[in-house]
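Visitor: Could you put together the complete structure from these sequences and hints?
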Amino acid sequence: MPQPSTSAFERPLSDSFRHLSSITKLRSEWEFIKWSRELNDAFDLINGNFWEILCGDRPMPAEPEYAVTSREEVQRYIADRDRISVKRVTQQDLNTTIQDHIQENVRLHERYESILKLWKDQNWRALSLLKSTVECESQQCISGIRNVREAYLKLLSNYGTSWQNAVLKWSKWTAVRFEQDMTPKYFVMRFENTLQELLLVMDPTTVPSIIQYMQFVNSMRYHEGAHKFLATVRPDGDSGSLMKTTYERFFACGPYKL
375 MPQPSTSAFE
385 RPLSDSFRHL
395 SSITKLRSEW
405 EFIKWSRELN
415 DAFDLINGNF
425 WEILCGDRPM
435 PAEPEYAVTS
445 REEVQRYIAD
455 RDRISVKRVT
465 QQDLNTTIQD
475 HIQENVRLHE
485 RYESILKLWK
495 DQNWRALSLL
505 KSTVECESQQ
515 CISGIRNVRE
525 AYLKLLSNYG
535 TSWQNAVLKW
545 SKWTAVRFEQ
555 DMTPKYFVMR
565 FENTLQELLL
575 VMDPTTVPSI
585 IQYMQFVNSM
595 RYHEGAHKFL
605 ATVRPDGDSG
615 SLMKTTYERF
625 FACGPYKL
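Taken in order, the sequence shown gives residues 375 to 632; the numbers are from the working numbering.
Just so you know, these hints were derived from the structure itself, not from any lab.
Hints are not guaranteed to be accurate.
To be verified - Under the rule of at most 20 Å between Cα atoms (straight-line distance), these lysine to aspartate or glutamate pairs were calculated in the EDC-like manner: (1) K408 x E511; (2) K505 x E405; (3) K494 x E426; (4) K528 x E509; (5) K491 x E446; (6) K528 x E566; (7) K528 x E426; (8) K491 x D415; (9) K505 x D415; (10) K505 x D610; (11) K494 x D418; (12) K494 x E446; (13) K408 x E437; (14) K505 x E524; (15) K491 x D474; (16) K505 x E437; (17) K546 x E524; (18) K399 x E509; (19) K602 x E553; (20) K494 x E509; (21) K546 x E426; (22) K528 x E446; (23) K491 x E439; (24) K505 x D418; (25) K546 x E439; (26) K408 x D418; (27) K494 x E405; (28) K494 x E553; (29) K461 x E439; (30) K505 x E447.
Since this is a predicted model, take the numbers as computed values, not measurements.
Guide: So, in structure tokens, the structure goes:
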């Protein structure tokens, strides 16, 4: 894999390796908990984004939703915006709006490309650093993986299945709260990421969807803006679709900012 360029705000990769020199090498299940904690501490020293990417809390940026540019769609957009009929949209307004949308889309795409490049650079650096803390034999299971989150989850499923680690993952999942400064999307992502890790180290049947549902409800009980959702709490859907329908209802009950 080619090495990305280092930005002015990043330390050279060689400097970052120095923070990892004393980390416990991951060889087996026995080192996993100690290795994971030390890796977390080292990543926080190097770049806090690295651990967020590894945990899934900073996913690869999604491409933005671009403004419509076809004449028919822009015509309908202007009519809806100005609350007029499509026939009353002038040719001048139509042409001006199309050009405005094209220019805005260019700006959106340039910003997206910049953010995506930064994420890819940080993901690559985090993955390279993680691999340096894993013994050669253990590296085989992640040799073809190019995403640090996927690599961590693979190592977790192979080496992190002890009861001690299961307790830690359970505690991490049940500690997730819908904080006042969180967006609903980020909250659900945090809940899902920690649940994903838990289900990799425990038998999924021990955490059925109804337990997941109750914990989801419990995790937002102190959020002052969640009263509308909490007032209509009820399991809706079978075990296979319960959480999906719960998330949909949760988003539909917003906004959650007071």
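Visitor: All hints are to be evaluated individually against the structure, with a verdict given for each.
Guide: Hint-by-hint comparison with the structure:
1. K408 x E511: 19 Å, holds
2. K505 x E405: With a Cα-Cα distance of about 15 Å, the restraint between K505 and E405 holds, given a limit of 20 Å.
3. K494 x E426: 13 Å, holds
4. K528 x E509: Within the cut-off at roughly 14 Å; holds.
5. K491 x E446: 34 Å, violated
6. K528 x E566: OK: K528 and E566 at ~17 Å, within 20 Å.
7. K528 x E426: The given pair, whose Cα atoms are some 17 Å apart, holds under the 20 Å limit.
8. K491 x D415: 25 Å, violated
9. K505 x D415: 16 Å, holds
10. K505 x D610: The hint is violated at about 43 Å.
11. K494 x D418: 18 Å, holds
12. K494 x E446: Measuring from Cα to Cα gives roughly 37 Å; hence the hint is violated.
13. K408 x E437: 37 Å, violated
14. K505 x E524: 12 Å, holds
15. K491 x D474: 26 Å, violated
16. K505 x E437: 29 Å, violated
17. K546 x E524: Holds: K546 and E524 sit about 19 Å apart, inside 20 Å.
18. K399 x E509: 6 Å, holds
19. K602 x E553: 16 Å, holds
20. K494 x E509: 24 Å, violated
21. K546 x E426: 14 Å, holds
22. K528 x E446: 48 Å, violated
23. K491 x E439: 18 Å, holds
24. K505 x D418: It holds: about 17 Å lies between the C-alpha atoms, which stays within 20 Å.
25. K546 x E439: 33 Å, violated
26. K408 x D418: 16 Å, holds
27. K494 x E405: 29 Å, violated
28. K494 x E553: 28 Å, violated
29. K461 x E439: Violated: K461 and E439 sit about 27 Å apart, past 20 Å.
30. K505 x E447: Status violated; Cα separation ~49 Å.
The structure fails to meet hints 5, 8, 10, 12, 13, 15, 16, 20, 22, 25, 27, 28, 29, 30 from the earlier list, while all remaining hints are met.
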